[in-house]
Amino acid sequence: MDIIFLVLALLALFGATSTIMFSNTVHSALGFVVTVLALAGLYALLNATFLFMVQIIVYAGAIIALLLFVIMFLNIQQSHAPKEPNKYLLMLVSAIAIVPFDYLLFKAFYSMSFAGDANITTKDFGNIKMLGNELFKNWILPFEAISLLLLVALIGAVVLARKKERA
Amino acid sequence: MIEVSFMSYILLAIILFSIGIVGVISRKNIFIIYMSLELMLNSINLILVSLSRYFGSMDGQIIAMMVMAIAAAEAVVFLSLIVSLYRLKHSINIDDYNSLKQKGIL
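Listed in order, the protein sequences are those of chains A and B. Just so we're on the same page, the working numbering is the position in the first sequence counted from 1, plus 9. Mapping the second sequence onto the working numbering, position 93 (from 1) lands on 83, and the numbers just tick up by one.
Keep in mind the hints are simulated off the structure, nothing from the lab. Ideal Cβ placement from N, Cα and C applies to all residues, glycine included. Don't take each hint at face value.
Listed below are several chain B residues computed to face chain A (Cβ distance under 7 Å; list not exhaustive) [claimed, not checked]:
(1) 4
(2) 12
(3) 15
(4) 18
(5) 21
(6) 22
(7) 23
(8) 43
(9) 48
(10) 52
(11) 67
(12) 74
(13) 89
Mimicking DSBU-like on lysine-lysine, the simulated pairs with C-alpha atoms at most 30 Å apart in a straight line are [stated by the list, open to error]:
(14) 79(B) / 18(B)
(15) 18(B) / 96(A)
(16) 132(A) / 93(B)
(17) 92(A) / 79(B)
(18) 91(B) / 116(A)
(19) 18(B) / 92(A)
(20) 79(B) / 91(B)
(21) 91(B) / 96(A)
(22) 93(B) / 92(A)
(23) 18(B) / 91(B)
(24) 96(A) / 93(B)
(25) 79(B) / 173(A)
(26) 93(B) / 146(A)
(27) 173(A) / 93(B)
(28) 92(A) / 172(A)
(29) 91(B) / 92(A)
(30) 79(B) / 93(B)
(31) 146(A) / 132(A)
(32) 79(B) / 172(A)
(33) 96(A) / 79(B)
(34) 173(A) / 91(B)
(35) 18(B) / 93(B)
(36) 93(B) / 172(A)
Ranges of calculated distance between the beta carbons of each label pair, as one might list FRET restraints [unchecked claim]:
(37) 45(B) / 92(A): 42 to 50 Å
(38) 62(A) / 88(B): 36 to 44 Å
(39) 93(B) / 13(A): 54 to 62 Å
(40) 85(B) / 119(A): 38 to 46 Å
Next up, chain A with everything else stripped away, as it sits in the complex (with noise of 0.2 Å):
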């Protein structure tokens, strides 16, 4: 268990660093899959299976897929990368700048004193059953807002991407 989690955050942490290091977009992208993958794993280790699949499917099936289809459809080059003289001193000024605001998040959370164990759960905890169940059941209403804002997502992607005609 402890040993599973060691390595899964690790494979995220390295995701996630070379996402913001590497100039080539599509070593980028890659990297933001190993991240992806690793938090699936991860939800599968806090007995969330479904959210595991899902993480899988959406994201690194749908999302990373749509963005890697984008990048080689306008074709972007290593030419095409913006110039970036002074990436890592940015980097390292904002990540010095960022520091004060980690340490309020720990310490937030770290006064909800997270002792002992979890709470005991049944066995169907977070597998597609229950997880139905609660949303047909409390959060009818944000599913069906939500599925609004796919639908206007889609109208409006269509509309904003076409070619406009030169009339």
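Given chain A, put chain B in place with the hints provided.
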């Protein structure tokens, strides 16, 4: 052996969130900024799922699933905006996307 408590998950999520913020601040490639935004959403999802496991309630996982749906909708709109901006400017450098900037300031 290191004891894995729930603070480890929280700590990992905080570090991933900060890496996302650093990426947004320091890079100029619009695709990498987009991936950093997605990284921040993912780290929030990790916090939600681990708290859901800790408190033994399904609400966190449901909110995490809704965040994923919103991230998918956001991905579609963001990428189509990038496509139309690239047609206009032929660049993926965010410094070139300054059509709304008022001249004379900065």
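Hints, verified against the model:
Using the Cβ-Cβ criterion of 7 Å, the hint placing residue 4(B) at the interface with chain A is satisfied: the shortest such distance is roughly 5 Å. Hint status for residue 12(B): holds, given a least beta-carbon distance of 5 Å to chain A, under 7 Å. At a threshold of 7 Å, the smallest CB-CB gap from residue 15(B) to chain A is about 4 Å, leaving the interface hint in force. The restraint placing residue 18(B) at the interface with chain A holds, with a minimum CB-CB distance near 4 Å, inside the 7 Å limit.
Proximity of residue 21(B) to chain A holds as hinted, the smallest CB-CB distance being about 5 Å (cut-off 7 Å). Hint status for residue 22(B): holds, given a least beta-carbon distance of 5 Å to chain A, under 7 Å. Among the interface hints, the one on residue 23(B) is violated; its C-beta lies about 9 Å from the nearest C-beta in chain A, farther than the 7 Å criterion. A cut of 7 Å between beta carbons decides the hint on residue 43(B): the least distance to chain A is about 4 Å, and the hint holds.
Annotation: interface hint on residue 48(B) holds; nearest CB of chain A at approximately 4 Å, less than 7 Å. Satisfaction of the interface hint for residue 52(B) is found here, the shortest Cβ-Cβ separation to chain A being roughly 5 Å, below the 7 Å cut-off. Because the smallest distance between the Cβ of residue 67(B) and any Cβ of chain A comes to about 5 Å, under 7 Å, the interface hint for this residue holds. Evaluation of the residue 74(B) hint against chain A yields a held restraint, the C-beta minimum of about 5 Å falling below 7 Å.
For residue 89(B), the shortest C-beta to C-beta distance to chain A is roughly 15 Å, which exceeds 7 Å, and the interface hint is violated. A threshold of 30 Å between alpha carbons decides the hint, and for residue 79(B) with residue 18(B) the separation of about 15 Å falls inside it, so the pair holds. For the hint linking residue 18(B) to residue 96(A), the alpha-carbon distance of about 9 Å falls within 30 Å, and the restraint holds. The suggested pairing of residue 132(A) with residue 93(B) is violated, with an alpha-carbon distance near 62 Å, which exceeds 30 Å.
Distance hint between residue 92(A) and residue 79(B) is fulfilled; the C-alpha atoms sit about 16 Å from each other, no more than 30 Å. Proximity of residue 91(B) to residue 116(A) is assessed by CA-CA distance (about 39 Å); at most 30 Å being required, the pair is judged violated. This hinted pair checks out: residue 18(B) and residue 92(A) have alpha carbons roughly 8 Å apart, not beyond 30 Å. Between residue 79(B) and residue 91(B) the alpha-carbon distance is near 15 Å, which keeps this suggested pair within the 30 Å criterion.
Among the hinted pairs, residue 91(B) with residue 96(A) is consistent with the structure: their alpha-carbon atoms are about 23 Å apart, no more than 30 Å. Proposed proximity of residue 93(B) and residue 92(A) is supported: the alpha carbons are some 24 Å apart, at most 30 Å. In summary, the hint linking residue 18(B) to residue 91(B) is supported, as the alpha carbons are separated by about 17 Å, within the 30 Å threshold. For a cut-off of 30 Å, the pair hint linking residue 96(A) to residue 93(B) stands: about 26 Å separates their Cα positions.
For the hint linking residue 79(B) to residue 173(A), the alpha-carbon distance of about 15 Å falls within 30 Å, and the restraint holds. With a CA separation close to 54 Å, the supplied pair residue 93(B) and residue 146(A) exceeds the 30 Å bound. Among the hinted pairs, residue 173(A) with residue 93(B) is consistent with the structure: their alpha-carbon atoms are about 27 Å apart, no more than 30 Å. Among the hinted pairs, residue 92(A) with residue 172(A) is consistent with the structure: their alpha-carbon atoms are about 29 Å apart, no more than 30 Å.
Simply put, residue 91(B) and residue 92(A) have alpha-carbon atoms about 21 Å apart, close enough for the 30 Å limit, and the pair holds. Distance hint between residue 79(B) and residue 93(B) is fulfilled; the C-alpha atoms sit about 18 Å from each other, no more than 30 Å. Pair hint residue 146(A) plus residue 132(A) holds up; C-alpha atoms about 20 Å apart against a cutoff of 30 Å. Taken as a hint, the residue 79(B) and residue 172(A) pair is honoured in the structure, with Cα atoms around 14 Å apart against an allowance of 30 Å.
Distance check on the hinted pair: residue 96(A) and residue 79(B) sit about 23 Å apart at the alpha-carbon level, within 30 Å; holds. For the hint linking residue 173(A) to residue 91(B), the alpha-carbon distance of about 23 Å falls within 30 Å, and the restraint holds. With a C-alpha separation of about 21 Å, the suggested pairing of residue 18(B) with residue 93(B) holds against the 30 Å cut-off. This hinted pair checks out: residue 93(B) and residue 172(A) have alpha carbons roughly 29 Å apart, not beyond 30 Å.
Here the CB-CB span from residue 45(B) to residue 92(A) is close to 48 Å, well matched to the stated 42 to 50 Å. In this structure the supplied range 36 to 44 Å holds for residue 62(A) paired with residue 88(B), their Cβ-Cβ distance being about 42 Å. Between residue 93(B) and residue 13(A) the CB atoms are about 56 Å apart, so this pair conforms to the stated range of 54 to 62 Å. Distance hint check for residue 85(B) and residue 119(A): the Cβ-Cβ separation is about 40 Å, which falls inside the suggested range of 38 to 46 Å.
Violated hints, listed in ascending order, are 7, 13, 16, 18 and 26; each of the other numbered hints is respected by the structure.
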